[in-house]
Structures are given as C-alpha cells and as structure tokens.
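Whole structure, please, built from the sequences with the hints as guidance.
There are 2 protein chains.
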Amino acid sequence: MNVVLALVGSKWKPTILWRLAEGDHRFAELRRSVGAVSEKVLAEQLRELERDGLVSRTEYDGFPRRVEYRLTGAGRELDAMLEPVGEWGHRFAASPQPQAAGAGGA
Amino acid sequence: MNVVLALVGSKWKPTILWRLAEGDHRFAELRRSVGAVSEKVLAEQLRELERDGLVSRTEYDGFPRRVEYRLTGAGRELDAMLEPVGEWGHRFAASPQPQAAGAGGA
Chain A
1 MNVVLALVGS KWKPTILWRL AEGDHRFAEL RRSVGAVSEK VLAEQLRELE
51 RDGLVSRTEY DGFPRRVEYR LTGAGRELDA MLEPVGEWGH RFAASPQPQA
101 AGAGGA
Chain B
1 MNVVLALVGS KWKPTILWRL AEGDHRFAEL RRSVGAVSEK VLAEQLRELE
51 RDGLVSRTEY DGFPRRVEYR LTGAGRELDA MLEPVGEWGH RFAASPQPQA
101 AGAGGA
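Respectively, the protein sequence lines represent chains A and B. Residue numbering for the first sequence follows full-length UniProt numbering, starting at 1 and increasing by one per position. Residue numbering for the second sequence follows full-length UniProt numbering, starting at 1 and increasing by one per position.
Honestly, the hints are just simulated from the structure, not real lab data. Mixed in with the good hints there might be a few duds.
Copies of the same chain look alike in the list, so a pair counts if it fits in one copy or across any two.
Calculated lysine to any residue pairs in the SDA-like style (CA-CA distance at most 25 Å, straight line) [as the list claims (entries may be wrong)]: (1) Lys40 x Met81; (2) Lys11 x Phe92; (3) Lys11 x Val85.
Dropping the structure here:
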C-alpha cells in the first residue's frame, strides 16, 4: 500500500486521476474541474504523475500551442481501483461512528 | 478518496490494518509483526485508528493487565478493499515504467 500512497497519497492526485478518467483535459480545463488548486500545485502534481507513469502529456504543434493530459493504462487501472475505496470513504464518513469501547473484557 | 487518505494515509496504518486482519494482537505482538516502528509511533497510530473506529482495544481484568487490539467491522472492510490496491502497487513497482512521452502529437 505504501507504493500507492507514494503515487497518489496527496490531496489533489486522486481527484486529478478521477477527472482525467472522464477524458483528456487541457491544463486550464483540468484546473477548473479539479477546483481550488493553484496553478503551481497542479503543474507540480501533473509532473509527478507523469514521472510516475500514471499520466501522459501530449504537446500538439501549431499556434497557439496545445497541451493535453490523459491517463496512461496504469493511471486508468489505478483510478478504477481507487473508485470503490473512495466510495467506501464517503459511506464511512456519513455513517455514525461507534464510541471507541475500551474497558474490561471477559 | 481524501477520507480514506485521512484514515490510513500514513506509513504504518495500512500495515497495522493488514496485521490485525490476521487476528487480534497484543501491543508487543503487533510491534514485532509490523516491524521497525517505534513504541511511541505505534501507540499513537493505534489511538488514531481506535478514534476513527477502525480498531478496537479491549483491556482484560487480571494481572498482568492484558490489552488486545482487533479490527472493527469498518476496519476489516477497509483492509479488504485496500488489499488489491496494495497488490496492484507491488505489481506496478515491479513493472518497467515507460519513459514519459512528451513531444509533438498529430
């Protein structure tokens, strides 16, 4: 699990993967759809995801320059695995948590 | 996914869940089976896992005092969900990563 935590264990990366799973995005589109992330942080996270082989970046010739981000096969696999975990998290967060029992067992 | 990262997104918690999924553990047993974790850090992580409703702690009467840790239902569920993600991580780490493509698409 530590490998996956190293890959996507940050605030924005799961959301970036989730958005890119919906389709290729340009930087500005991604920034709008991910939400309150700064340009600098988003660029950094994308560089790391690209370095780690989860996202690919394609630059198109022509003017103005066009750059698109998409999930690699591994990125798509990981996103698909994390989706149910994310859903579990939402259900868990919404469910009342029992007070931690602590004293005297048989 | 951020809920789950908040719950278990630390170095030791996935391993603690994994070990407790094998059976109830006393503190010393858990410390041996988790590996190079300090007593202080393990106690802290267990307190957080208990607070978050993933681990329960039972203190047995008698001398010497006996304390056991076990997964709650939610802890067992989460561990079961994370297992394939952890296995994916091992496979990913073992597989050669393509050099990030970057220039000139059609």
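Could you tell me which of the hints above the structure violates, numbers in ascending order?
1
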